[in-house]
Amino acid sequence: LVVDSNNPKYDSRDNCNAIIETASNKLVVGCNNTMIPKDVTSIGKEAFYGCRGLKAITIPSNVKSIEERAFYCCGSLTSLTFANGVERIGQSAFEKCINLTSIIIPDSVTRIDNWAFNYCPKLNYLELPKDLQVSTGSIINCYNIKIVLREDSKKHRGLFKWK
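In my numbering, the protein residues as written are 26 to 188.
These aren't lab readings, by the way, just hints derived from the structure by calculation.
Keep in mind that this is a model prediction, so the values were computed, not measured.
Treat the hints loosely; a few may be bogus.
[Said to hold, decoys possible] Computed cross-link-like contacts, BS3-like style, restricted to lysine-lysine with a CA-CA straight-line distance of at most 30 Å: (1) Lys34 / Lys51; (2) Lys80 / Lys51; (3) Lys63 / Lys80; (4) Lys34 / Lys70; (5) Lys147 / Lys80; (6) Lys51 / Lys63; (7) Lys70 / Lys171; (8) Lys89 / Lys155; (9) Lys171 / Lys34; (10) Lys80 / Lys155; (11) Lys34 / Lys147; (12) Lys171 / Lys155; (13) Lys89 / Lys34; (14) Lys155 / Lys51; (15) Lys80 / Lys70; (16) Lys70 / Lys51; (17) Lys89 / Lys70; (18) Lys80 / Lys34.
Kindly generate the complete structure, drawing on both the sequences and the hints.
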């Protein structure tokens, strides 16, 4: 993906293979081989929606939020790595990422919204930080999952209402 250099609203800096909203540093469209630039601060709503060829993604430390349905239905996604920096994972952000198997959520994350990891049937390991607000139903339809809480917190109560 390349944006015309004369475009006043969007850019595709650093050969990242993505479209970025210049004023906000929000990645708004990604594809199979997108590399998230160091100055991007958020992954926009539905940025990678249905990107079936995306196999791996690293979320760098400068990204603070992953908006709703950002990676919805990325069926080939098997590797998801978070640097410490992300604070919020939005509603349905990784819903229907059917091949994810293991996720370690960094300590910087303070909130996971509804259905963030809904229907990730192969997800068998999820590690969560202590100071985390988890919405009820954020992790449902994940079978045989082992959830590790790095330190016990009452904020995790909604997590345990899954199917």
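Hints versus structure:
1. Lys34 / Lys51: holds, 11 Å
2. Lys80 / Lys51: Between Lys80 and Lys51 the Cα gap is close to 21 Å, so the pair holds against 30 Å.
3. Lys63 / Lys80: holds, 20 Å
4. Lys34 / Lys70: Since the Cα atoms of Lys34 and Lys70 sit roughly 17 Å apart, the hinted pair holds (cutoff 30 Å).
5. Lys147 / Lys80: holds, 15 Å
6. Lys51 / Lys63: Holds, at roughly 11 Å.
7. Lys70 / Lys171: Within the cut-off at roughly 28 Å; holds.
8. Lys89 / Lys155: At roughly 18 Å apart (the allowed maximum being 30 Å), Lys155 and Lys89 satisfy the hint.
9. Lys171 / Lys34: Since the Cα atoms of Lys171 and Lys34 sit roughly 43 Å apart, the hinted pair is violated (cutoff 30 Å).
10. Lys80 / Lys155: holds, 29 Å
11. Lys34 / Lys147: Roughly 39 Å separates the two Cα atoms, so the pair is violated.
12. Lys171 / Lys155: holds, 16 Å
13. Lys89 / Lys34: holds, 21 Å
14. Lys155 / Lys51: Holds, because 28 Å separates the two Cα atoms, which is no more than 30 Å.
15. Lys80 / Lys70: holds, 19 Å
16. Lys70 / Lys51: Distance of about 10 Å is within 30 Å: holds.
17. Lys89 / Lys70: Roughly 14 Å between the alpha carbons, so the hint for Lys89 and Lys70 holds.
18. Lys80 / Lys34: holds, 29 Å
Of the numbered hints listed earlier, those contradicted by the structure are 9 and 11.
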